[in-house]
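Colleague: Chain B: place on chain A using the hints.
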Amino acid sequence: MNALGDILPGFSRAIVRGDEPPGQINSAYPKHTVSTAIDVYRNNYLGNLHDALAGAYPVVGQLVGNDFFRRLTRAYIGKNPSRSGNLHHYGEQMAAFIAAFLPAQQLAYLPDVAALEWACHCAYFAEDAGTLDTGKLSRLGQEHYPDLVLVLHPACYMVRSPYPIADIWHAHQPGAPDDFHIDLDGGPCNALVIRNDDSVIVGELDDAIALWLSIIQNGTTLGDATAGTLEKHPDFDLQAGLSRLVSQGVFADFLVKGLP
Amino acid sequence: MENHQKLLSIAIGGLLALGLAGNASAADKKVEMEKCFGVAKAGMNDCSSNKSAHSCAGQATKNNDPMDFVAVPKGTCDKIAGGSLMDSGGMMKKAM
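As given, the protein sequences belong to chains A and B, one line each in that order.
Under our numbering, the residues of the first sequence are numbered 73 to 332, in order.
Under our numbering, the residues of the second sequence are numbered 771 to 866, in order.
The shape of chain A in the complex, shown without the other chains (with noise of 0.2 Å):
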């Protein structure tokens, strides 16, 4: 009864390496011999894994042009295997496997993008949640203002490069014109992802705010996070950075640190 336990490491190899195919594999079909019936099975797994990346690298894909993708991505296969049976977790190195890829050296912004596109990928399938609820915030007495820990919604995520990478994104949308140029020396991006509903939404946020969330990601304290952020940009402005967080559904909840 372990026949098939037996013979699927030898035919995970064959397809995944080309390793010679496991003797127990049935020959009798009629149309093709094993090693072409392999290299179609193969041909398919290389086809999927593609189309998994195509699919969470859209941006990346038309910057570099197909062909040059192709390549990218027959490359990350060889290197980084499918770990998961739910192919939306494929690719998740890219943006470090890009780094590292030589012929994609010249175009120093490309792992940020890729990043961008990742976090945007994982927004679209984060789980859903609800947004802060102010009603049960207004319930609490401003002392609990500094214990105040607020929860990211699932779907937010923040990443920042030294590239302009949301007006890359943006320029490379359904819709947006042909016609773009843009310049790397714009300045640095703090790239806000969050989804509305089912559309994945890229924002910028500034220094100063960015480095605040980064703060509260990280399940520090509202009182310290806020401490933290005006030792470094003293003009921060907290009520208007909070304003539009929240209202753009950037946090799902909040708890009061201290408080059951």
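Source of the hints: derived by calculation from the structure; they are not laboratory data.
We put the beta carbon where it would ideally sit given N, CA and C, even for glycine.
Keep in mind that the hints are not guaranteed to be accurate.
Said to hold, decoys possible - Some chain A residues judged to face chain B by a derived CB distance under 8 Å, without partners named:
1. V136
2. H161
3. Q165
4. P175
5. L179
6. P218
7. D257
To be verified - Capping the alpha-carbon separation at 30 Å, the derived lysine-lysine pairs in DSSO-like fashion look like this:
8. A/K103 x A/K208
9. B/K844 x A/K304
10. A/K329 x B/K776
11. A/K208 x B/K844
12. A/K151 x B/K844
Said to hold, decoys possible - The calculated label-pair distances, taken between Cβ atoms and stated as ranges, are:
13. B/S779 x A/P234: 16 to 24 Å
14. A/G330 x B/D848: 55 to 63 Å
15. B/D848 x A/E92: 14 to 22 Å
16. B/V842 x A/G330: 28 to 36 Å
17. B/Q775 x A/H242: 35 to 43 Å
18. A/P260 x B/D848: 18 to 26 Å
Modeller: For chain B alone, coordinates are given in the frame of chain A:
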């Protein structure tokens, strides 16, 4: 550490005054946002899409691995420029 009590009160007070988010509609909102399982992003996890990208048997040889080509990006990247473009690679300098 200073806890900036007053600043926090003003910020949260402003938030509550605006009546943003949440509130009584939170439950309805949740239903509205409910996603259908199995709905995939366009083109993803869609078996049929693979047919357009690949002709199965036609490409099924071991020898068409394209990795030994010198690959040059040829997409919209030529619309993105700036002095920092060449920095990280180190191999490409502006004067070419």
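Colleague: Look at each hint and say if it fits the structure.
Modeller: Tested hints:
With a least beta-carbon distance of about 4 Å to chain B, the hint placing A/V136 at the interface is held under the 8 Å criterion. Hint status for A/H161: violated, given a least beta-carbon distance of 11 Å to chain B, over 8 Å. Annotation: interface hint on A/Q165 violated; nearest CB of chain B at approximately 18 Å, more than 8 Å. Using the Cβ-Cβ criterion of 8 Å, the hint placing A/P175 at the interface with chain B is satisfied: the shortest such distance is roughly 4 Å.
The beta carbon of A/L179 comes within 6 Å of a beta carbon in chain B, closer than 8 Å, and the hint placing it at the interface holds. For A/P218, the interface hint holds, the least distance from its beta-carbon to any beta-carbon of chain B being 4 Å, beneath 8 Å. Checking A/D257 against chain B: minimum C-beta separation of about 4 Å stays under 8 Å; hint holds. A distance of roughly 68 Å separates the Cα atoms of A/K103 and A/K208; the hinted pair therefore is violated under the 30 Å criterion.
This hinted pair does not check out: B/K844 and A/K304 have alpha carbons roughly 42 Å apart, beyond 30 Å. Distance hint between A/K329 and B/K776 is fulfilled; the C-alpha atoms sit about 19 Å from each other, no more than 30 Å. Pair hint A/K208 plus B/K844 does not hold up; C-alpha atoms about 53 Å apart against a cutoff of 30 Å. At most 30 Å may separate the alpha-carbon atoms for a hinted pair to count; A/K151 and B/K844 meet this at roughly 23 Å.
Here the CB-CB span from B/S779 to A/P234 is close to 37 Å, at odds with the stated 16 to 24 Å. Separated by about 56 Å at the C-beta atoms, A/G330 and B/D848 satisfy the suggested range of 55 to 63 Å. Between B/D848 and A/E92, the C-beta spacing of about 44 Å breaks the proposed range 14 to 22 Å. With their beta carbons about 59 Å apart, B/V842 and A/G330 fall outside the hinted range of 28 to 36 Å.
Judged by the Cβ atoms, the range 35 to 43 Å given for B/Q775 and A/H242 holds: they are separated by roughly 39 Å. Under the hint 18 to 26 Å, the C-beta atoms of A/P260 and B/D848, about 23 Å apart, fit the expected range.
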